[in-house]
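A.B. asks: Listed here are the chains, written in short residue letters.
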Amino acid sequence: MPEMIITKNLDVPGIDKLDVYRQNGGYEALAKALREYQPDDIIELIKTSGLRGRGGAGFPTGMKWSFLAKNDKPRYLCCNADESEPGTCKDRVLMEQIPHRLVEGVIITSYACKVHTAFIYVRGELAKAGREVERAVDEAYAAGLLGKNILGSDFSLDVIVHRGAGAYICGEESALMESLEGRRGYPRLKPPFPAVVGLYGGPTVINNCETLATVPAIIAGGGDWYASFGTEKSKGTRIFCLSGQVKKPGNYELPLGVPLSTLIYDEQYGGGILDDRKLKAIIPGGSSTFILSPDKVDTPLDYESIAAAGSMLGSGGVIVISDATCIVGAILRMTEFYRDESCGKCTPCREGTFWMTEILERLEHGHGHLKDVDLLMDICDNLAGKSFCPLGDAATSSITSGIRQFREEFEYHARYGCCMVSSNEKKQQQPTTASEPVGTH
Amino acid sequence: MISEQAKQRMRELASRYPMARSAVMPSLHIAQQEEGYITPEGLRAVAEAINLTVADVESVATFYTMYYQKPQGKKIINVCTSISCYLRNCDSLVSHLEKRLGIKRGETTADGNYTLNTVECIASCSSAPALQVNGEFYENLTQESADALIDQLDRELGVEKRV
Ligand SMILES: Cc1cc2nc3c(=O)[nH]c(=O)nc-3n(C[C@H](O)[C@H](O)[C@H](O)COP(=O)(O)O)c2cc1C
Ligand code: SF4
Ligand code: FES
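The listed protein sequences derive, respectively, from chains A and B. So that you can map any letter, position 273 of the first sequence is 541 in the working numbering, and since no number is skipped, the others follow by simple counting. So that you can map any letter, position 102 of the second sequence is 209 in the working numbering, and since no number is skipped, the others follow by simple counting.
It should be emphasised that the hints constitute simulated quantities derived from the structure, not laboratory data. Note that the Cβ used here is the ideal one computed from N, Cα and C, for glycine as well. Any given hint could be a false lead.
What the hints assert, rightly or not - Stretches of chain A that chain B covers, calculated by requiring three or more beta carbons in the stretch to come under 8 Å of a beta carbon on chain B:
#1 355–364
#2 612–626
#3 634–645
Said to hold, decoys possible - Computed list of lysine to aspartate or glutamate pairs in EDC-like fashion (alpha-carbon distance at most 16 Å, straight line):
#4 Lys182/B <-> Asp254/B
#5 Lys396/A <-> Glu246/B
#6 Lys516/A <-> Glu246/B
#7 Lys181/B <-> Asp261/B
#8 Lys182/B <-> Glu251/B
#9 Lys206/B <-> Glu141/B
#10 Lys639/A <-> Glu676/A
#11 Lys181/B <-> Glu141/B
#12 Lys396/A <-> Glu243/B
Based on the sequences and whatever the hints tell you, model everything.
C.D. replies: Structure below.
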């Protein structure tokens with residue numbers, strides 16, 4: 269495996285402190301950026317690197333920066349560290365363990381985008397991450413890495429760490445700006461896009477925490493160097509958060525394009541399915557992405573291949589489901605999340621997520637009807653593409669892909685009022701394993 | 108009581124942001140630190156510091172789940188029940204804690220020591236099942252380690268051994 273980029277030095281003792289971070293080459297990329305490059309050169313360099321957003325949509329980062337409207341309004345940068353997509357746990361680790369990498373990325377990005385006030389929006393629940401980032405920002409101010417005339421240059425930057433307070437929707441970029449402006453986190457209508465009219469009405473860049481923390485390495489190593497990792501269209505590396513029913517869940521940084529099967533089965537990574545069960549389903553990019561069937565396990569983990577297989581790389585949260593799990597129960601659990609987190613602004617999502625949960629619940633608990641399965645598909649159809657923001661679409665992903673692949677399990681629940689997985693389990697009289705099958709009853 | 112010091116911090120925040128209104132969330136966090144939950148007095152203090160109406164501040168406070176509308180236990184246990192933790196048996200962890208603490212999810216013990224909540228993904232998915240106690244993480248939990256955790260919290264609270 270190639271040298272790690274975004275997780276490099278993550279385990280060096282004391283790397284969360286400024287002096288240790290600097291002893292390990294920290295802030296040299298910032299010095300280089302200020303010394304050797306004009307802001308526009310950096311945007312070109314990031315375009316060359318092929319870096320794409322790690323927050324969900326995978327938008328090319330350099331291109332996003334170059335879209336900033338050229339007017340005389342103040343520009344802003346928002347770091348999206350509101351990490352809350354089920355299955356995703358990478359930004360938290362970066363912030364807790366190596367907060368200066370993020371701060372350095374924020375400073376370089378602000379310089380490239382001619383921003384003088386940047387915000388780091390840290391999810392409220394991540395208390396330690398918030399503390400660490402705040403401390404890193406304080407240390408950076410004290411060392412002249414933030415504030416006026418950074419490292420003796422004529423570039424000045426103010427960074428404000430803003431803590432969320434519990435609302436998944438605030439990870440959506442326009443809701444994040446509403447929240448930063450001190451309002452309820454309701455998404456805004458687009459267009460105008462944030463690059464044109466964003467925070468306080470100024471042109472605004474919003475990038476994910478991991479995206480920004482990757483920037484220093486690209487400045488240090490060069491755009492071509494970064495682009496040498498990954499595939500032709502999906503360049504570089506990213507952190508995959510492997511969770512669910514694998515032997516060794518964890519955060520693993522891999523070059524884009526490594527097959528899912530390597531992540532799940534290789535001894536260095538997942539080490540195979542928990543209790544040596546069979547693989548049943550994979551959710552490749554957080555709970556908002558479509559479920560893949562086991563025959564897709566050799567798909568390379570890059571944006572294009574995962575899209576061709578019928579899903580999305582999303583936030584990098586790879587959730588593994590084994591045949592010990594009832595798919596109806598798992599999808600119910602995911603749908604409850606969207607019901608609870610729907611902001612309520614638009615009817616299709618507010619009502620749709622409620623009814624989908626109700627129906628899944630009655631199927632799961634044995635009071636469902638056969639026609640409920642098609643009813644679910646109908647509701648999804650009325651939600652996807654018809655809601656105000658992408659949360660509505662996200663709520664339908666697991667249901668539509670789940671029913672398409674596991675319709676017989678839904679119908680079994682409707683017909684027999686119980687779960688196909690637990691019934692099979694009893695028939696086969698499996699030797700009892702250490703952990704009980706989940707979601708079976 | 109919202110201390111004068113807390114009010115001063117709120118006013119400072121209001122001038123730190125490009126627009127004073129942006130200080131409403133951090134100020135609500137301060138108010139909650141002072142009183143344990145969002146009280147009418149807390150809302151008033153925030154409104155005064157930032158120059159908003161109380162109703163306006165309240166409408167923000169009620170949108171975000173971390174601003175508590177009622178008093179909480181001394182130890183707030185938030186167990187994640189989202190998908191990755193579900194696949195790692197968080198539901199039996201929750202039942203176990205309910206039994207051990209003698210309360211249901213969403214409730215606070217009569218002595219005011221513990222609140223037990225189930226919450227959505229807390230970004231600990233690769234170390235599931237996971238929970239937070241007053242914001243600090245405990246991961247890869249088993250019934251045994253959860254028991255040990257409660258024992259430790261009991262000691263911190265000076266609670267007699269339960270029968
Ligand atoms: C409902 C919803 C929740 C989101 N949550 C997050 C999040 O927690 N973190 C994040 O970086 N992006 C999140 N996004 C994506 C952001 O809107 C935005 O695209 C992203 O932060 C852009 O950064 P990137 O280009 O670096 O990926 C979310 C999007 C939606 C629709
Ligand atoms: S789709 Fe859902 S989350 Fe998005 S605006 Fe509508 S109600 Fe809110
Ligand atoms: S699903 Fe439980 S921490 Fe993410």
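A.B. asks: To test your reading of the hints: which numbers does this structure violate?
C.D. replies: Numbers 2, 3, 8 and 9, in rising order.
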